[in-house]
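S.K.: Below, each chain spelled out in residue letters.
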Amino acid sequence: MVELAVGIMLGLCGLGAGIALIAGIGPGIGEGQAVAAACEAIGRQPEAKSDVTSTMIMGCAIAETTGLYGLIIGILLIFVAPGIFSGILKDTVMALK
Amino acid sequence: MTDEKRGGDGRFRTVDRMLIALMILPLLLCIALKVLYTPEGSGGVDIAGAMIFFEIPAPLQPLIITESQVNSWAIMLSLLALCLYLTHGLTQKAETRRQLIAEWIVEKCEHLVGENMGERYAGYEYLVAAIMGLSAFSSLSCLIGLFAPTGDVNVTAGWAILVFCLVTYTKLQGGFLNYLKGFTEPIPLFTPMNFISEFSLPVSMAFRHYGNVMSGAVISALIGTALRGLSRALLGAIPVIGNIPLLQIGLPAILSIYFDVFSGLMQAFIFAMLTMLNVSGSFPQEAWEKRQARKERRRQRTAAARA
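Chains as they are written, first to last, in our numbering: chain E, 40 to 136; chain U, 164 to 470.
Next up, chain E with everything else stripped away, as it sits in the complex (with noise of 0.2 angstroms):
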């Protein structure tokens, strides 16, 4: 029984993780939105190419952060929540004892 208990927490942290890093799409579309406007940018007006460069660096860099809380959350759900949850698991089947 704790062997399938143990199971299910393991499986479904690695599947909260990956459902957590859907999170990513989001980011992925708007930067690859935003550097396509940039080189249109830099297409038609090429001697600002370092000022847009600069910006688009900085815009992506800002929106990458939602794709990052999603990250965020699948390392700490593969890293970090099996080990608080085997304890939580431990202490249950002790006070069932």
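By construction, these hints were calculated from the structure, which means they are not laboratory data. As the structure is a computational prediction, the values presented were derived from the model and not from experiment. Worth double-checking, as some hints may not be accurate.
If we take Cβ atoms under 8 angstroms as the criterion, some of the chain E residues that face chain U in the derived model are [stated by the list, open to error]: (1) 97; (2) 100; (3) 101; (4) 104; (5) 107; (6) 110; (7) 114; (8) 115.
All residues carry an ideal CB built from backbone N, CA and C; glycine is no exception.
Following the hints, put chain U in place on chain E, whose structure we already have.
M.R.: Relative to chain E, chain U alone:
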């Protein structure tokens, strides 16, 4: 002789050496601490947060001294030594190379802050430069094998809370009642949402910086481990060479240029940029002007009453 040729450096040689030693010593001390405290035989995927060095008993809960704290103190010390090294013995006309570098840094910071924040915030370049320097050197410290303090959410959260305090202070310039009124705009129904957006600023700033640095460290560690396993699988059969993880040489360094150097410097710049924009953007211009006008009127009234 050569020192004097380089522009009158001869006088400061002892001080120079002391300061350079002060720059390097804290970092060496950190490396030594890390080596001493790392448990033996830690193989596999070594992804862990900051190591806990010791705990100080305190009333509410024990005060935990972690690797990230110690490292950031060390980096602060060596940054201080670097600043002293660059700025000691300044002359009216720049003669030494390090004075030119120091002047260039100060000019750049003043220009950046003046461009982004305006005339009103003349004193903020010290704060912005300090945050940028500390953040950049903290992120770069993983190049010498230390745990990057910015990879710990507590460190970046501390900086973000500092920025939040500054933003609140700037908002309070328009008067306390006006600050409270700002929460009920555009309609009172929005008050809870305004509260959330108020507190999401430090959270998002802390998590942005921490997430970038930490995810880079995690990805680097995963790739390093994968390459070690791959070289063991491919070359393990060969007697002597099999024990050396040959594939682990080189490739992680290329990734580290992006994840450690570029990403770390970029995040330092972005953190400083957001500090400037948030602080200068939260200034209530209208309310401040009204308040100043009211104060002026009151002063005139009292002056008139006195006369």
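S.K.: Does each hint hold? Answer for all of them.
M.R.: Consistency of the hints with the structure:
no.: 1; hint: 97; result: holds, 6 angstroms
no.: 2; hint: 100; result: holds, 5 angstroms
no.: 3; hint: 101; result: holds, 7 angstroms
no.: 4; hint: 104; result: holds, 5 angstroms
no.: 5; hint: 107; result: holds, 4 angstroms
no.: 6; hint: 110; result: holds, 5 angstroms
no.: 7; hint: 114; result: holds, 6 angstroms
no.: 8; hint: 115; result: violated, 10 angstroms
Comparing the model with each numbered hint stated earlier shows that hint 8 is the single one that does not hold.
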